[in-house]
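With the hints as constraints, model all of the structure from the sequences given.
The primary structure of each chain is shown beneath.
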Amino acid sequence: EDQVTQSPEALRLQEGESSSLNCSYTVSGLRGLFWYRQDPGKGPEFLFTLYSAGEEKEKERLKATLTKKESFLHITAPKPEDSATYLCAVQGSWGKLQFGAGTQVVVTP
Amino acid sequence: EAQVTQNPRYLITVTGKKLTVTCSQNMNHEYMSWYRQDPGLGLRQIYYSMNVEVTDKGDVPEGYKVSRKEKRNFPLILESPSPNQTSLYFCASSSLGGSYEQYFGPGTRLTVT
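Keeping their order, the protein sequence lines are chains W and U. Going by this note's numbering, 93 is the number at position 93 of the first sequence; the sequence numbering is gapless. Going by this note's numbering, 19 is the number at position 19 of the second sequence; the sequence numbering is gapless.
Check each hint, because a few of them may be wrong.
[What the hints assert, rightly or not] Below, a list of computed lysine to any residue pairs in the SDA-like style, where the Cα atoms sit at most 25 angstroms apart:
#1 U:K65 to W:P109
#2 W:K42 to U:S82
#3 U:K18 to U:E1
#4 W:K42 to U:Q3
#5 W:K63 to U:G42
#6 W:K59 to U:E1
#7 U:K69 to U:T20
#8 W:K79 to W:P109
#9 W:K42 to U:L88
#10 U:K65 to U:E1
#11 W:K68 to W:P109
#12 W:K96 to U:G16
#13 U:K71 to U:P39
#14 U:K57 to U:E1
#15 U:K71 to U:S82
#16 W:K96 to U:R109
#17 W:K96 to U:T15
#18 U:K71 to W:S93
#19 W:K96 to U:T22
#20 W:K79 to W:G32
#21 W:K57 to U:Y100
#22 U:K65 to U:Q85
Simulated from the structure, these hints should not be mistaken for lab results.
Listed below in structure tokens is the structure:
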């Protein structure tokens, strides 16, 4: 059974204080690992897809990396507008998307 | 504008009264899916569809039905809602080619009393 575990559950950062979020996974036949951002009461917003170990993707202050067992989302010099819940999901060979519980990030000025 | 739409956005109903939440996408996506989101439990998949007339159960299908008669629409049906189905529901779609990223609708907040 596919499993996704995210840590930490919550993260409080000062503006400019870089940090990393972890996503550990087990999946049968990885089609893709996805990172989403979710603001309160809204639908998740797609950030990145990673397909194979060693792959990296960047977008503004965010950088996602992938190994065979985990993915990291690095937030460099965060700003208050980066406050959100970050969700990791994996899609296996059967097509089903399995989400982690998310990491709630709060960035204070 | 590429989007996934859901209706209604908010719904309060009573136990046992059948309801349908509609979902429509304008991106010609093959894959569509329904999720529920509950505090502490994250997003859980209810049903998904890889194409027209092809549907499959996700992690929490009990008490729900879906149909996929047209590519753009994927309604979620609760034939006899119960209070434990009170939740925030999201519809999502994606292409089966390319990067598989899913586009989510704005959500439907359902309360069953």
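Structure-based check of each hint:
Note on K65 (chain U) and P109 (chain W): the hinted pairing is violated, with a Cα-Cα distance of about 46 angstroms set against a maximum of 25 angstroms. Of the pairs offered as hints, the one joining K42 (chain W) and S82 (chain U) holds, with about 24 angstroms between alpha carbons and a cut-off of 25 angstroms not exceeded. For the hint pairing K18 (chain U) with E1 (chain U), the CA-to-CA distance comes to about 32 angstroms; that exceeds 25 angstroms, so the pair is violated. Distance hint between K42 (chain W) and Q3 (chain U) is fulfilled; the C-alpha atoms sit about 14 angstroms from each other, no more than 25 angstroms.
Of the supplied pair hints, the one linking K63 (chain W) and G42 (chain U) holds, its CA atoms being roughly 23 angstroms apart against a limit of 25 angstroms. Our distance criterion of 25 angstroms between C-alpha atoms is met by K59 (chain W) and E1 (chain U), whose separation comes to about 22 angstroms. With a CA separation close to 15 angstroms, the supplied pair K69 (chain U) and T20 (chain U) stays within the 25 angstroms bound. The straight-line distance between the Cα atoms of K79 (chain W) and P109 (chain W) is roughly 7 angstroms, inside the 25 angstroms bound, and the hint therefore holds.
For the given pair, K42 (chain W) sits about 10 angstroms from L88 (chain U) by alpha-carbon distance, which is consistent with the 25 angstroms threshold. Between K65 (chain U) and E1 (chain U) the CA atoms are separated by roughly 29 angstroms; this puts the pair beyond 25 angstroms, and the hint is violated. Only pairs whose Cα atoms come within 25 angstroms are accepted, and K68 (chain W) paired with P109 (chain W) is rejected, the gap being roughly 36 angstroms. Straight-line distance between C-alpha atoms of K96 (chain W) and G16 (chain U) comes to about 29 angstroms, which puts the hinted pair past the 25 angstroms bound.
Simply put, K71 (chain U) and P39 (chain U) have alpha-carbon atoms about 31 angstroms apart, too far for the 25 angstroms limit, and the pair is violated. Taken as a hint, the K57 (chain U) and E1 (chain U) pair is broken in the structure, with Cα atoms around 30 angstroms apart against an allowance of 25 angstroms. Among the hinted pairs, K71 (chain U) with S82 (chain U) is inconsistent with the structure: their alpha-carbon atoms are about 29 angstroms apart, more than 25 angstroms. A hinted pair counts as satisfied when its Cα atoms are at most 25 angstroms apart, and K96 (chain W) with R109 (chain U) qualifies at roughly 23 angstroms.
Taking the CA atoms of K96 (chain W) and T15 (chain U), the gap is about 30 angstroms. The hint is violated against a cut of 25 angstroms. A distance of roughly 22 angstroms separates the Cα atoms of K71 (chain U) and S93 (chain W); the hinted pair therefore holds under the 25 angstroms criterion. Restraint check: the Cα-Cα separation between K96 (chain W) and T22 (chain U) comes to about 21 angstroms, which is no more than 25 angstroms; the hinted pair holds. A C-alpha spacing of about 28 angstroms is found between K79 (chain W) and G32 (chain W), which places the hinted pair above 25 angstroms, so the restraint is violated.
Annotation: proposed proximity of K57 (chain W) to Y100 (chain U) holds, straight-line Cα distance about 15 angstroms (limit 25 angstroms). Among the hinted pairs, K65 (chain U) with Q85 (chain U) is consistent with the structure: their alpha-carbon atoms are about 13 angstroms apart, no more than 25 angstroms.
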